[in-house]
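K.L.:
Chain order of the listed sequences is R and Z. The opening position of the first sequence corresponds to residue 1 in our numbering, with each subsequent residue numbered one higher. The opening position of the second sequence corresponds to residue 1 in our numbering, with each subsequent residue numbered one higher.
Keep in mind the hints are simulated off the structure, nothing from the lab. It is possible that some hints are incorrect.
Away from chain R, derived, C-beta distances all over 10 Å, residues of chain Z [claimed, not checked]:
(1) V20
(2) R72
(3) G246
Simulated restraints on C-beta separations [as the list claims (entries may be wrong)]:
(4) Z:Q39 to R:A134: 56 to 66 Å
(5) R:A42 to Z:D35: 34 to 44 Å
(6) R:R7 to Z:R159: 56 to 66 Å
For each residue, glycine too, the CB sits at the ideal point set by N, CA and C.
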Amino acid sequence: MLRFVARRVALTIPVLLGVATLVFLLIHLIPGDPAQAMLGEAAPQADVDALRAQLKLDRPLLEQYVNFLGALLRGDLGTSLRTRTSVTAQIAERIPATFELAFAAMFVAMMVAVPLGIAAAAWRGSFVDHAAMAVAMGGMAIPNFWLGPLLAIVFAVELGWLPVSGRGGIDHLVLPAVSLGLALAAMLARMTRASLLEELREPYVRAARARGISRARAVIAHAFRNSLIPVVTILGLQFGAVLTGTVITETIFSWPGIGRLLIQSIGFRDYPLVQGCILLIAVTYVAVNLLTDLAYGWLDPRIRYQ
Amino acid sequence: MARSADSLPVTRAGAAIVVVTVLAAVIGPAIVGVDPAFQDLPLRLEGPSPAHWLGLDELGRDIFARLLVGARISLLVGAVVVGTSATIGTLLGSIAGYYGGIVDDVVSRVSDILMAFPGLLLAIAVVAVLGPSLTNVVLALTLIGWVSYARLIRGQVLRVRELEYVQAARALGAATPRILARHIVPATLPALIVQATLGMGGAILAEASLSFLGLGVQPPTPSWGTMLNYGRSHLLDAPHLTIFPGLAIAVLVLGFNFLGDGLRDALDPTMSQGRRG
């Protein structure tokens, strides 16, 4: 297992370096003079020169790159152009809100997907199966930037049951988590169904049925637990999609997380902050994928020897 | 055993949605005859009526007429992004899969790095620095889009290149470009068609997401995502501004997903495991 972990971690390092390189290059993709673009066309030349010097954009590219990587290793993501405060501090302040939303969305997804997937597999080919899969297909097509406002119209405006925006108690979390989690729920429901159907064909389930165990018990007590392995893997791998989804959901529900910070910083052309947000989301994604991989290897020893 | 695509009702429903949307985008604006840019300010935010089927927006423009023109943008972005991504991906994927070695290493590492960014994030980043516009949206989506095609085709080529008919062509002295173009790439077409159909839905959704965030198509060009973005500020007094563009996106994406799923079952039964029991 230790060799497996070491190999997977070693494979992640070049990917992380590539991610950092791409994020570093972003600022150099800006058409024209990046310092001028950040301050706007009307900015005085002296201010532009000062910013260029502050961001060390006047140094050779390689030197900038080495400095960028060095600062990253120290956890220094630079200074925000707008607030003049540390990018790392601003991001750290927003992390809990984003993670709260992401985990709540994944919880919603599991709570919806598992019963739906089990029902579809248990009554395969029936009306329940077709209805569950039609709901799942619809859930995958509905954009969360449409679902969010629709849920807000119904549950916040018309019924007045839930707050329409902001972060606070658990009631504030419901609408953003549901609107973010439903697309994932749709995908997981299909996965649960497929995985459960595969397990139901296994000899141990047939043997259980032959011993006189009811179909419902065979599904729940025997097949379901094994069918969860691929479902949990997909859940881990989809964490990235959830993180990207937070950018939209946080914007809709004025949720004070990293996604909203990213969109706000794009609006203010605060590129150091844009870089910081993108880097954090990408690195988190890589880390969660690595953890999912390791967990899969731990759960299923065959993976370790491939 | 492969089933024919048109034997499945959902596939037919998907195809119907796509065909109707394409027709609506191409000839719809001419038939309806309403200028999508005409502003009837006194009637702004008016709900659906016989004169304006889907109501009017925040500037008194006809929402139905704007949806029809918006369909052109969605389909155009989808087609260009999928077409370009599939071409680049097929080219790089087939070369990487066939030759292996350093070319394969470079393509694989670059795609690993691009895949390390979750979905839309890299597109948001690229548009953030290049500036919001239709061209930059297409550029950003293509930049992340080619990877999945390259991976798919590379895998397919690795499988096909060992088949006997390819080895026979090689033994007969056929040149590598000819083997790739005549024998290998055509064998990967079914998988490519399925991926491209599903990719259309993905690209349309991605463009709408970027436009919704204000990073895509800029006003006054009507894009479904931009319409939704502006409708958000009238959620309380005019929900129809939000409901109809969102419905259009969901239905069209659903259409491509249905069609892609059906084609997957029909053309590539090995990929449909796990989709159907």
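K.L.:
Each hint should be assessed against the structure and marked as holding or not.
P.N.:
Here's how the hints hold up against the structure:
The claim that V20 of chain Z is not at the interface with chain R holds, since no C-beta of that chain comes within 10 Å of its own (minimum 16 Å). Non-interface status of R72 of chain Z relative to chain R is upheld: no Cβ of that chain comes within 10 Å, the nearest being about 19 Å off. At roughly 3 Å from the closest C-beta of chain R, the C-beta of G246 of chain Z falls inside 10 Å, breaking its exclusion from the interface. The given range of 56 to 66 Å is broken by Q39 of chain Z and A134 of chain R, whose C-beta atoms sit roughly 40 Å from each other.
In this structure, A42 of chain R and D35 of chain Z meet the distance hint of 34 to 44 Å, their C-beta atoms being roughly 36 Å apart. Between R7 of chain R and R159 of chain Z the Cβ separation comes to about 25 Å, which falls outside the hinted range of 56 to 66 Å.
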